[in-house]
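Undergrad: Those sequence lines, one after another, are chains A and B.
Using my numbering, the letters of the first sequence map in sequence onto residues 1 to 427.
Using my numbering, the letters of the second sequence map in sequence onto residues 428 to 854.
Some hints could be false.
[Said to hold, decoys possible] Below, a sample of chain A positions facing chain B; criterion: calculated Cβ distance under 7 Å:
id, residue
1, A72
2, T73
3, K254
4, A372
5, H402
6, G405
7, S422
[Unchecked claim] A few chain B residues that don't get close to chain A, going by computed Cβ distances all over 10 Å:
id, residue
8, V430
9, E436
10, P530
11, R594
12, R602
13, E611
14, A620
15, R622
16, R641
17, K644
18, K681
19, I719
20, D728
21, G729
22, R737
23, I800
Quick caveat, the hints were computed from the structure, so don't treat them as lab data.
Just so you know, even glycine gets a beta-carbon here, dropped at the ideal spot from N, CA and C.
So the chains spell out like this:
Protein chains: 2
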Amino acid sequence: MTVAEANRETDLHAAMLKLGEAARAAAHVLAQADAATKNRALAAAAAAIRDDRDAIIAANARDLAAAKADGATSAFLDRLMLDAGRIEAMARGVEDVAKLKDPVGEVIADWTRPNGLRITRVRVPLGVIGVIYESRPNVTADAAALCLKSGNAVILRGGSESFHSSRAILAALHRGLVAAGLPEACAQTVPTADRAAVGEMLRMTGLIDIIVPRGGKSLIERVSAESRIPVIKHLDGICHVYIDASANIDMARKVTVNAKMRRPGICGAAETLLVDRKVAKTNLLPVLDDLIKAGCEVRGDGEVCAAEPRAKKASEADWGTEYLDAIISVKMVDGVDGAIAHIEKYGSHHTDSIIADEAAVAEKFLNTLDSAILMHNASTQFADGGEFGMGAEIGISTDKLHARGPVGVEQLTSYKYVVHGSGQTRP
Amino acid sequence: MTVAEANRETDLHAAMLKLGEAARAAAHVLAQADAATKNRALAAAAAAIRDDRDAIIAANARDLAAAKADGATSAFLDRLMLDAGRIEAMARGVEDVAKLKDPVGEVIADWTRPNGLRITRVRVPLGVIGVIYESRPNVTADAAALCLKSGNAVILRGGSESFHSSRAILAALHRGLVAAGLPEACAQTVPTADRAAVGEMLRMTGLIDIIVPRGGKSLIERVSAESRIPVIKHLDGICHVYIDASANIDMARKVTVNAKMRRPGICGAAETLLVDRKVAKTNLLPVLDDLIKAGCEVRGDGEVCAAEPRAKKASEADWGTEYLDAIISVKMVDGVDGAIAHIEKYGSHHTDSIIADEAAVAEKFLNTLDSAILMHNASTQFADGGEFGMGAEIGISTDKLHARGPVGVEQLTSYKYVVHGSGQTRP
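Working from the sequences, and respecting the hints, build out all of it.
TA: Here it is as structure tokens:
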């Protein structure tokens, strides 16, 4: 390391520490803010985002120009791009979060002991949330709004490609916070596009309570491996649809195509189709035909390829691959037990669905498997906080600690016990 | 490292890996076990503990002899010692856990979406729990019973001093598991008294889901610093009692003495007394007199020492010290705001209590502070899973992720979503 590099590192460390301490102090204020104050801040932030539309588009143009010069793909540029429509959608998203029920202060449980002690479990914010994301600059507004609503301060680290866009959005959010009398430090972005800022964030134990990474697998893997702070995440979404012998074939066709092809790039998209061998002759070909006609590539096991000549041969790696694309792996299995065994071996505990009319078969699938979300006769694409009625989500967790499945405002809270007595002493 | 040492390390690593894989497989079976089966195993384990009394006492005698030869203190030997009474208490503890409500399979939430999707949040076990504890061998039975009841496999690492005692208790637990048709690997102890086994446990991500350390601060600090697995813990129990100007003096005297002196060595024991300056003349001296008469050493700030000549002068370090002994630090503060400021600076987010008759003052204390447990007009010694009506507890958490406060069977679970549809696809 050169002296200049060492100095830069020391400066970054000091800047991040300052950021963390400001977030901690802001979290303290925010934890006491009532629902009306937080909603005022969100409404004012939405208005400021609309007012700042031109400034945000100009900042975004700088990011787009840099990304183009770097040779970014058109898909990447599309994710990065903000226009009037996307900025309006961002403002509306913030307003929608304001409409959610305030989780803070909710009495989750309440009971009285024989000695008269009344015990209540009361929802409180987590504190400071670190969000690490990639190219989509709208996450800046979405994540900040969810954290604010749940009474948490947030430190945002967007992709270096969206650095200017995120800062412009943050400026609007700050005006909203100030309008409601809340500290600007309720929402902060890291001071530099330098990747080293991520490393600093992941070591800020005591200042950041939880890290939420949003992005590709390599980002999530790096964050999980390096973080000294608990992480809420899902690494893979290898979602399965299993078509049982008892399935209604029309439902199976409709649900499978939707689960795969509605939006192949989301984490709740199906990646593998399992078909009960007993109904191979009746159910397999119509479903594969629907998928292929919808533009999906089919990679099948030996039996599937024998039945459907348009299918390619799947390799062992296919069963553990999240394509996030119009590709599906297809395997024949021996009933629900075969499906369960396959999913236990290759699944990622995200979302798995069974199509079956026989209730006992469905119950076996739902009870035995331990995915964050298990569906019966429904598309895996419903794996989403909005679709669950939880409002927006900051992500989906496949971990078992704290939050599992969609992570909405309620999942961004903890609880404390408040115990009311009348002078009780413990015998 | 010598070749012999390196070989030993490789052997330990392999043995621990085998243990972890066996635990994972057992957890899979246990997650599907119904309440009756788990309760049968617990009842049979309690009976086996009673049957094995002489063998457990003989194993304990080996541990005691080794500890004596090592020059252990009498307090240490007392914690380690098992006699007929303690073994009976251990068996009863296991039976008490059997009586708790089975948390697994409970539907925590249940709602239906406008599109007809019925969404349920169902409680599931965490998986494999690693418990790392010190000298009390009864933790072997207590922790194993709680994990079994909550459907989790457990890997136990007791103190090396209680190695033989723990193995003898485990043998009895295994007979209980086998009697109910459950795998012995539902409860395992590490194969060696070697401290290196702890290091191995803390790196077993994917095989152990959560680590619960029980013991002194140095153990907990080591586990927190080294663990790659989430840890449920509390580091300190610096609990406060604040006597407000509005307090009933008789209640304040009774609760304070109980909070400090009932059992000064538990984590919920009060360590610091804060007294509203406004009532120094009326309330301070009677409370201090009670404490001193009960055998408590008082370490006061300047004002306290001026008022009570038997008080010693507290140093800055006293405000952050968990004595776990018959010592209390005492400070005069300016009302509830002064108390809150002191607790925010020196507290450990464990348990804090206010004695006050004025409801608004109490509400301020309870709403503003963010301790795991906040009490009003009650002794801090109630900070206990049993006293909360949660049955036994595996520990108390001051963290904000997952579980906070007493960690009972319910807190040793996660949840999954089970979604029932009728062919819904996402638009």
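Undergrad: Each hint: holds or not?
TA: Right, here's what the structure says about each hint:
1. A72: Hint on A72 of chain A: violated, closest Cβ of chain B at ~30 Å, above 7 Å.
2. T73: Violated: closest Cβ of chain B sits about 27 Å from T73 of chain A, beyond 7 Å.
3. K254: This hint holds: K254 of chain A lies near chain B, its Cβ roughly 6 Å from the closest one there, short of 7 Å.
4. A372: 6 Å, holds
5. H402: 4 Å, holds
6. G405: Since chain B brings a Cβ to about 5 Å from G405 of chain A, closer than 7 Å, the hint holds.
7. S422: Where the cut-off is 7 Å and the nearest Cβ of chain B is about 6 Å from S422 of chain A, the hint holds.
8. V430: Correct as stated: the minimum Cβ-Cβ distance to chain A is 31 Å, above 10 Å.
9. E436: 23 Å, holds
10. P530: Holds: least Cβ distance 13 Å, greater than 10 Å.
11. R594: Answer for R594 of chain B: holds, closest chain A Cβ roughly 29 Å.
12. R602: 28 Å, holds
13. E611: Answer for E611 of chain B: holds, closest chain A Cβ roughly 22 Å.
14. A620: The assertion about A620 of chain B holds, with a minimum of 29 Å to chain A.
15. R622: 23 Å, holds
16. R641: The claim stands: R641 of chain B keeps its Cβ more than 10 Å from every Cβ of chain A (closest is about 18 Å).
17. K644: 16 Å, holds
18. K681: 6 Å, violated
19. I719: Holds, since 18 Å exceeds 10 Å.
20. D728: The claim stands: D728 of chain B keeps its Cβ more than 10 Å from every Cβ of chain A (closest is about 25 Å).
21. G729: Holds, because the least Cβ-Cβ distance between G729 of chain B and chain A comes to about 29 Å, which exceeds 10 Å.
22. R737: 24 Å, holds
23. I800: The claim is violated: I800 of chain B sits with its nearest Cβ about 5 Å from chain A, within 10 Å.
Comparing the model with each numbered hint stated earlier shows that hints 1, 2, 18, 23 do not hold.
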